[in-house]
Amino acid sequence: APSVEIANLPAADSNKLQRAARILSVLAEGLLAKVSRLHIEEDQSNNRRTTIKRFLHSYAHRSISLSDLAKSLYLSESRTSHVVKDLFGKSFRELVIEERVMRAKVMLQSRDEPVALIARDVGFPDEFHFNRMFKKIVGTPPGKFRRAIKRDIS
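39 is the number of the first residue of the sequence shown in this note's numbering; add one for each residue after it.
Please keep in mind that the hints were generated in silico from the structure rather than gathered at the bench. Check before you lean on any hint, since a few could be wrong.
For each label pair, taking beta carbons as the anchor points, the in silico distance ranges come out as [as the list claims (entries may be wrong)]:
1) P163 with I187: 21 to 27 Å
2) I187 with R117: 30 to 36 Å
3) V176 with S105: 27 to 33 Å
4) L55 with L104: 56 to 62 Å
5) N53 with R87: 47 to 53 Å
6) S116 with N53: 21 to 27 Å
7) L62 with S105: 16 to 22 Å
8) Y112 with I191: 41 to 47 Å
9) A58 with L125: 38 to 44 Å
Just so it is clear, CB atoms sit at the ideal spot from N, CA and C, and this is done for glycine as well.
Please take these sequences and the hints and turn them into a complete structure.
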C-alpha cells in the first residue's frame with residue numbers, strides 16, 4: 039500500500055473542521071444519552087426483578103395473587119402481568135408454582151414429614167395438585183424424589 043506523505047495533504051479548512059467537530063460533539067452527546075437511558079432502564083428492570091423475587095420468596099407459601107404483587111409494585115394487574123412476563127418469560131402463576139416446588143424439594147430432603155403436610159406448608163391447596171406440579175417441574179413425583187435422595191445419601 040502506498041504511503042501518503044503529510045506534505046501532500048491539503049491544508050485544513052477551519053470551517054470544515056468546526057462543522058466536523060460540532061457533528062462529532064452532537065453524536066457523542068447522543069450516544070452518551072442513549073447509554074445513560076439504557077443504564078437507567080436496566081437498573082429499573084433489575085430493581086423490579088429483585089422486588090418480584092423478594093415478593094415470591096416472602097409470600098409464595100401463602101395464597102397470593104397477581105393483584106397482591108401489583109399492589110406491591112404500584113402497578114395495574116395488567117401492567118404487572120406484562121412486566122413479569124418480560125422479566126422472567128413466565129406468568130406470575132408459573133413463578134409461584136416454581137418457587138413452591140423448589141421449597142418443597144428442600145423440605146423433602148431435610149424433613150421426614152408426610153408429603154401432604156409439605157404440600158400444605160409450601161402453599162399448595164391439596165396433595166394431588168402438588169404431586170402433579172412437582173412431577174411437571176422436577177420430572178418425578180415427590181415421593182419418588184424423596185426416596186431417591188435418601189438412597190443417594192445412604
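Against the structure, the hints come out as follows:
1. P163 with I187: 21 to 27 Å: Taking Cβ atoms as reference, P163 and I187 lie about 25 Å apart, which means the hint holds.
2. I187 with R117: 30 to 36 Å: Violated: the Cβ-Cβ distance is about 41 Å, outside 30 to 36 Å.
3. V176 with S105: 27 to 33 Å: Given a distance of about 29 Å, which is inside 27 to 33 Å, the answer is holds.
4. L55 with L104: 56 to 62 Å: holds (59 Å)
5. N53 with R87: 47 to 53 Å: This hint holds: roughly 51 Å between Cβ atoms.
6. S116 with N53: 21 to 27 Å: violated (55 Å)
7. L62 with S105: 16 to 22 Å: violated (51 Å)
8. Y112 with I191: 41 to 47 Å: holds (46 Å)
9. A58 with L125: 38 to 44 Å: The hinted range 38 to 44 Å holds for A58 and L125, with Cβ atoms some 43 Å apart.
The structure is inconsistent with the numbered hints 2, 6 and 7, although it conforms to all the rest.
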